[in-house]
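**Q** Fit chain F to the supplied structure of chain E, relying on the hints for placement.
2 protein chains.
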Amino acid sequence: MAIIDRSPSEIVALGEALQRITATDVLALTPQPSFDESTRDGYVFRVIDGSGERVSKYRIVDEIPAGKPSRTILEPGTACRIMTGGCVPEGGERVVPYENCAEGDGVVSITDNSLQVGATFIRKTGSEIAQGERLLGCGVQLEGAHLGLLASCGVHDVSVFVRPSVGYVCTGSELTAATEVLELGQKVSSNSFLLEGLLASVGARPANLGVIKDSEHELLALFAKVVADELDVLITTGGMGPGKYDLVETAFVEAGGKIVFNAISMRPGKSFLFGTLGRTLFFGLPGPPHAVRTLLNTLVGQALLAMQGLKGSWPKRVQVHLQHEIRVKRNDVLRLKDGVLTMDEGRCSVRLAGGLEVGNCFVLLPPGQSHYREAELVEVHLAIDLGAGW
Amino acid sequence: MAIIDRSPSEIVALGEALQRITATDVLALTPQPSFDESTRDGYVFRVIDGSGERVSKYRIVDEIPAGKPSRTILEPGTACRIMTGGCVPEGGERVVPYENCAEGDGVVSITDNSLQVGATFIRKTGSEIAQGERLLGCGVQLEGAHLGLLASCGVHDVSVFVRPSVGYVCTGSELTAATEVLELGQKVSSNSFLLEGLLASVGARPANLGVIKDSEHELLALFAKVVADELDVLITTGGMGPGKYDLVETAFVEAGGKIVFNAISMRPGKSFLFGTLGRTLFFGLPGPPHAVRTLLNTLVGQALLAMQGLKGSWPKRVQVHLQHEIRVKRNDVLRLKDGVLTMDEGRCSVRLAGGLEVGNCFVLLPPGQSHYREAELVEVHLAIDLGAGW
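Respectively, the protein sequence lines represent chains E and F.
Letter by letter, the first sequence follows residues 1 to 390 in our numbering.
Letter by letter, the second sequence follows residues 1 to 390 in our numbering.
Keep in mind the hints are simulated off the structure, nothing from the lab.
One should not assume that every hint holds.
Claimed, not checked - Derived BS3-like pairs (lysine-lysine); straight-line CA-CA distance at most 30 Å:
hint	chain 1	residue 1	chain 2	residue 2
1	E	LYS311	E	LYS329
2	E	LYS270	F	LYS68
3	F	LYS316	E	LYS311
4	E	LYS57	F	LYS244
5	E	LYS337	E	LYS311
6	F	LYS337	E	LYS316
7	F	LYS270	F	LYS244
8	E	LYS270	F	LYS124
9	F	LYS124	E	LYS213
10	F	LYS316	E	LYS68
11	E	LYS337	F	LYS258
12	E	LYS68	F	LYS213
13	F	LYS258	F	LYS270
14	E	LYS329	E	LYS270
15	F	LYS270	E	LYS124
16	F	LYS225	E	LYS316
17	F	LYS225	E	LYS68
18	F	LYS124	E	LYS329
19	E	LYS258	E	LYS311
20	E	LYS124	F	LYS337
Unchecked claim - Label pairs and their computed distance ranges (CB to CB):
hint	chain 1	residue 1	chain 2	residue 2	range
21	F	ASP229	E	ILE11	48 to 54 Å
22	E	ASN331	F	GLY118	18 to 24 Å
23	F	PHE261	E	ASN331	16 to 22 Å
24	E	THR39	F	GLU345	41 to 47 Å
25	F	SER159	E	ASN331	39 to 45 Å
26	E	LEU377	F	SER265	36 to 42 Å
27	F	GLU75	E	THR179	36 to 42 Å
28	F	SER265	E	SER127	26 to 32 Å
29	E	ARG279	F	GLU357	35 to 41 Å
30	E	GLU345	F	GLY256	45 to 51 Å
Said to hold, decoys possible - Listed next, the stretches of chain F that the computed footprint assigns to chain E, with coverage defined by at least 3 CB atoms under 8 Å from CB atoms of chain E:
hint	stretch
31	27-40
32	62-73
33	140-148
34	191-205
35	231-243
36	313-321
We treat Cβ as the ideally placed atom computed from N, Cα and C, and that holds for glycine.
Bound-form chain E, shown alone:
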């Protein structure tokens, strides 16, 4: 059994499906267009009369706006006024745009050789999308444009993977919720804001389970609650070091948790626990926000998107040019650094983010290499929380 199971699927109405990920192929229930449709304002003609001759003047027998199909059956030598989007009546063979026609006394004549041109200005039923045609594959994240496409093909609801429920807890006796007054030695549990945003970016249903102290008792109570609530995923920050108050791993094992791994050869990642507790996946992250963001983007987000069945792999990995040289003091393991990716003149390049800047990607500096030249290609992981302003 895989450790990370695919979420079950559920059926949701299109209006609730934005950003959700499809759990099946989605097929057109109606063809597109669903009727023979005029693509111009003009006249629709029964061109050929009974004897096979073209006629030059046509008696107007009806007017067909969009949305109001006519019961008229066009006989030879008759025409209807028709609007863009109007339903071509039985017997209608072609539409001629009104600018190429002249109307008077209930009769329309065609002023040029419009009957000879190839275009009929009629979109035939199913000419764009056939009934039963595959509109979307499985594993596609639904944007507004996808939903519009589905709606136009008669699809009212869609099967999507259930969004995993993800509880998060900041651990640390020094932490307080943001609204409280900070006393000496205390810190705001700022990771809760970071996690709330990141988890929303990957489609999870985040639940802030608050702040707990470095206390085995409190940690055990947390783990018991998570099992009882059947959370899909639990994330903690802090308490992952080697110190005597770093109790997350001990308490996790005490609570019956099974460790899959408790460190990865990556920085950040030295303090990183992944395990299972009943049916709940557990990610123990270190405390520093930079490490939380990096590990969420690189590892936890990947797991959450995999649970939701997103096709393709996350994070997106791309090779880009370095904008400046980098020298690395310690090159014992893979290091991930905040980066700022830009595109210019057909070239993608990256620089390391400075100071307080929030990057839009993470630059991978593999072990064994200490010097990276300007313009050298490096791999980056795109940040999952890229906003409109990147």
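**A** For chain F alone, coordinates are given in the frame of chain E:
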């Protein structure tokens, strides 16, 4: 007076500020760290005794976990156990990690020359961020990482621009809401799904005002309601052609609307109205979903983001290489085509999106040029609704 005014600002709690855009610079209210903080589990020492001599054994007088500052004043020759994140007590000069110390009988001695190394393992108050330092500029869209940074510096709420209220209406007598049974000649008003998603992507507060018929009466009622409700923006789709049932422009003027322009030399864009109605901005879009998405991305989204004060210009414009040649039949005006942008080996390139594919950018094909070579640089606008799967 500019036609597009900046939205007013409002103060929101950090927990409500995700994706909002800052209306002022944001300054650190507390320094970071806010106290002298140990960066290791170990011992904190008063190294120099009264005579200026270093001593080799130190009496342990307290233990300082994170979050529990000690009232102890370290005298010469004394030390405290201290944990990572612990508050350095008065008199503490440096921390030595526990692995470089030996403790026994209430006394700790240092096992190597740790007192000589430069690192004190103490993060001094304000060494990362000074009180009053600028954390963010005006016009930044707030991601989780920004909110975490603000929280860690004592900021509890933030001034952001008000999200514009944007009503949207699909016009067309042939349109029905998605849940109804489609009769001959009718179509689902699929643009409502498209608009809902796109408007959310640009931070607007979308309000679905439903579907209305091609009726001057219904349009006038809509415009009157919009003025009464003081919507910031109204968007309609459809009813923008030259036909006798294309009544949007007529009704808009009749309702007192002022046209700023009613066509742009761009495809799509031939049918595109921008005007003002009281304090409401009005965008009349054509009916085809492709045109709606393109014009929203290129023009309407820009206006909505400008109202919210996003720094920089939207859509992001980048020069990228064509993956294949393009021949254009009609090159009379600028054309925007759905494109799929990829990054590979330091190179950004684009191809035209095919069939039902939803692109992640729009390729600009300027007037006057009929042939674009493979690998030629073209300009693209990034799509605002880029999801995790792009």
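**Q** Just pull the numbers of the violated hints for me, sorted ascending.
**A** Violated hints: 1, 10, 11, 16, 21, 23; rest satisfied.
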